[in-house]
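K.L.:
Spelled out, the chains give:
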Amino acid sequence: MRWIRKHLLAFAALAVLVYMLVPNVVVALFSFNKPSGRYNYEWTKFSTDAWQHPCGTPGICDSLGLSLKIGITASVVATILGTMVAFALGRHRFRGRASTNLLIFMPMATPEVVMGSSLLTLFVMMGVPSGSGAILIAHIMFCLSFVVVAVKARVAALDPRLEEAAADLGATPVQTFLRVTLPLTAPGIAAGALLAFSLSFDDYIITNFNASPSSITFPMYVWGASTRGTPVQINVIGTIMFLVALVVVIGGQLLGSRRQRAAA
Amino acid sequence: MAGHESGDLRLAGISKQFEAFTAVHPLDLTVPAGSFFALLGPSGCGKTTTLRMVAGLEEPTGGRILIGDKDITDTRAYQRNVNTVFQSYALFPHMSVVDNVSFGLKRRGDKNADRKAKEALELVQLGEVARKRPSQLSGGMQQRVALARAIVNRPDVLLLDEPLGALDLKLRRQMQIELKRIQSEVGLTFIHVTHDQEEAMTMADTIAVMNSGRVEQLGDPATLYEHPRSTFVANFLGQSNLLRATVDRGEGNGVVEVTSHGHRLEVRRDHVPAGVRDIWLGVRPEKLRLGDSGGPNRLSGQVTDVSFTGVATQYLVRMPWGRELVVVQQNDGSGRARAGETVTISWAAEHGFALDASQDADAGAQLEDDHG
Ligand SMILES: Nc1ncnc2c1ncn2[C@@H]1O[C@H](COP(=O)(O)OP(=O)(O)OP(=O)(O)O)[C@@H](O)[C@H]1O
Ligand SMILES: [Mg+2]
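Sequence order for the protein chains is A and B.
Whatever position you read off the first sequence (first residue = 1), add 10 for my numbering.
Whatever position you read off the second sequence (first residue = 1), add 1 for my numbering.
A short, non-exhaustive set of chain B residues, derived as facing chain A with CB atoms under 8 Å: (1) Y79; (2) S89; (3) G105.
To give a feel for the contact side, a few chain A residues facing chain B, derived at Cβ under 7 Å: (4) A175; (5) A177; (6) T182.
Derived DEER-like restraints, expressed as beta-carbon distance ranges: (7) A:P193 x B:R109: 18 to 24 Å; (8) A:I14 x B:R174: 55 to 61 Å; (9) B:D111 x A:W61: 53 to 59 Å; (10) A:G262 x B:P94: 17 to 23 Å; (11) B:D206 x A:G266: 46 to 52 Å; (12) A:F187 x B:H26: 32 to 38 Å.
Honestly, the hints are just simulated from the structure, not real lab data.
Because the structure is a prediction, the values reported are computed rather than measured.
Note that the Cβ used here is the ideal one computed from N, Cα and C, for glycine as well.
Throw the hints in and build the complete structure from the sequences for me.
P.N.:
What follows is the structure, encoded as structure tokens:
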């Protein structure tokens with residue numbers, strides 16, 4: 011009894027972990043399935059076919075490539091713009107600062123359906139053709155908000171005395187930014203960039219509104235495929251994405267703790 | 002000292018205004034090159050603001066700042082050969098201690114930056130924590146890192162904003178001696194901000210006592226202590242007994258006779274400002290004697306409190322008009338008294354000083370030492 015009570019917290023944590031990981035485990039498991047029909051919903055037979063031919067289904071790797079391209083471009087642009095906005099908002103008092111704060115927050119609060127459809131209306135009105143260009147503009151727009159929020163928290167927590175100390179010690183404004191400001195806000199910027207990428211990569215609703223038949227992103231492909239049948243390759247790519255995310259997160263953790271230890 | 006020597010720091014009419022609030026009133030100050038200068042004053046009197054203007058972190062509302070003959074008023078902080086030890090340390094949290102210390106040298110492209118940084122850390126007795134992060138050090142250690150980070154650059158002027166505030170008494174004394182040694186060895190100009198009057202008096206060649214944005218008095222520690230020119234300085238620098246008195250015409254050989262609460266007392270002539278009639282007559286507690294042996298000035302009152310402090314005993318003696326005088330007697334076997342006893346206290350004419358009576362007698366007599 012005592013033992014159980016003592017380890018209650020560990021049990022709870024374990025249960026939550028299982029709850030969160032089960033879907034991923036199932037996806038990974040079914041990537042080794044060889045379904046009998048078009049749908050990969052029932053375990054039939056072990057096979058590594060799909061792992062050997064991840065692009066074996068027409069269109070899947072094109073859609074993955076497009077999603078990666080949009081995801082990377084959107085997150086890079088949104089991170090650069092968002093970081094600049096965050097510094098402006100965090101550092102300077104200017105007229106319209108409060109309303110800018112509100113506007114930045116809007117895309118996060120607006121339901122995606124509303125945003126997707128209104129963007130489509132806007133693009134049609136302005137004569138912007140649907141397709142990957144329109145999708146990219148839309149993604150940059152909503153990713154921007156998340157980057158701003160992530161970076162702004164870091165900027166607000168940054169002690170202005172540190173930059174003064176750098177200047178006092180002879181660092182030019184550029185050196186101060188590169189050696190003090192940037193390293194101290196980097197965790198926020200990295201978090202913003204990762205968030206932007208994953209938001210862009212798996213966005214379905216807004217993308218769907220603004221897509222053309224030639225711009226099928228990965229989530230759209232999966233959704234379209236599920237009405238026709240679900241190729242095992244979807245599970246393979248899903249598993250790979252999960253593993254990549256895992257490596258990034260664990261890598262980040264290790265880097266952090268190694269720094270700590272190096273310092274000790 | 003000649004005012005235009007090469008490295009003297011000169012503040013000419015420097016002032017700072019934050020919107021409607023004047024933090025520093027126009028201030029003229031010359032700090033000779035290589036001297037240890039203390040800026041002393043209560044919290045909020047404008048010490049940090051003055052330092053920040055010298056460092057280039059705050060733009061003065063008016064006035065000029067010069068080092069030697071060079072006007073640096075319009076240069077930016079990174080262009081000035083002035084370094085600051087910040088009140089809040091401001092160590093870079095993402096760098097190791099040694100990288101913090103070598104930061105300034107590396108910005109100037111010094112090839113021996115790492116070696117010099119290590120030496121500076123040895124100097125503040127932190128050689129063994131060079132690779133740690135600032136967050137892993139105690140407050141006192143961080144303060145010493147901040148000190149090393151500034152000293153290592155050998156600036157024209159080193160600004161220290163309460164650099165010893167977080168240290169315990171023993172380490173504080175040790176660092177005071179160390180700071181003095183470093184200062185005389187490398188010959189840097191130190192401007193040391195503190196609200197600890199004892200620290201200012203033991204360390205500085207010259208002290209400027211500041212009060213609400215103004216310099217009340219400037220001078221060497223002994224002059225400031227023996228001849229304060231305002232009640233604020235008299236009370237802020239050590240303790241003072243102030244007696245209300247009027248100057249009489251009758252004057253003898255080098256002394257002025259005054260009357261205080263019906264008692265005839267005398268003060269040395271050159272301790273009385275010219276042309277005033279109503280004065281505060283001030284005497285330091287350790288100049289008063291229990292008994293008649295102190296001199297011709299005598300008052301009697303009742304002892305209300307006795308506190309033994311080891312080398313000395315402090316008495317509170319209530320005068321017939323209500324004010325309590327503080328008397329400090331060395332425990333050298335001379336006259337003792339007990340609480341409740343009626344005693345005579347005496348002092349010599351040269352131990353008194355007179356201040357214009359239009360000032361508040363309690364100005365500056367706040368909490369002796371308000372940091373832990
Ligand atoms: N940026 C600012 N804006 C407005 N007022 C300020 C600013 N900086 C300082 N002040 C005001 O100027 C006055 C002097 O401040 P300063 O920091 O120079 O005091 P200080 O003598 O260093 O006090 P302490 O011993 O507490 O450090 C204070 O009343 C403070 O409120
Ligand atoms: Mg201060």
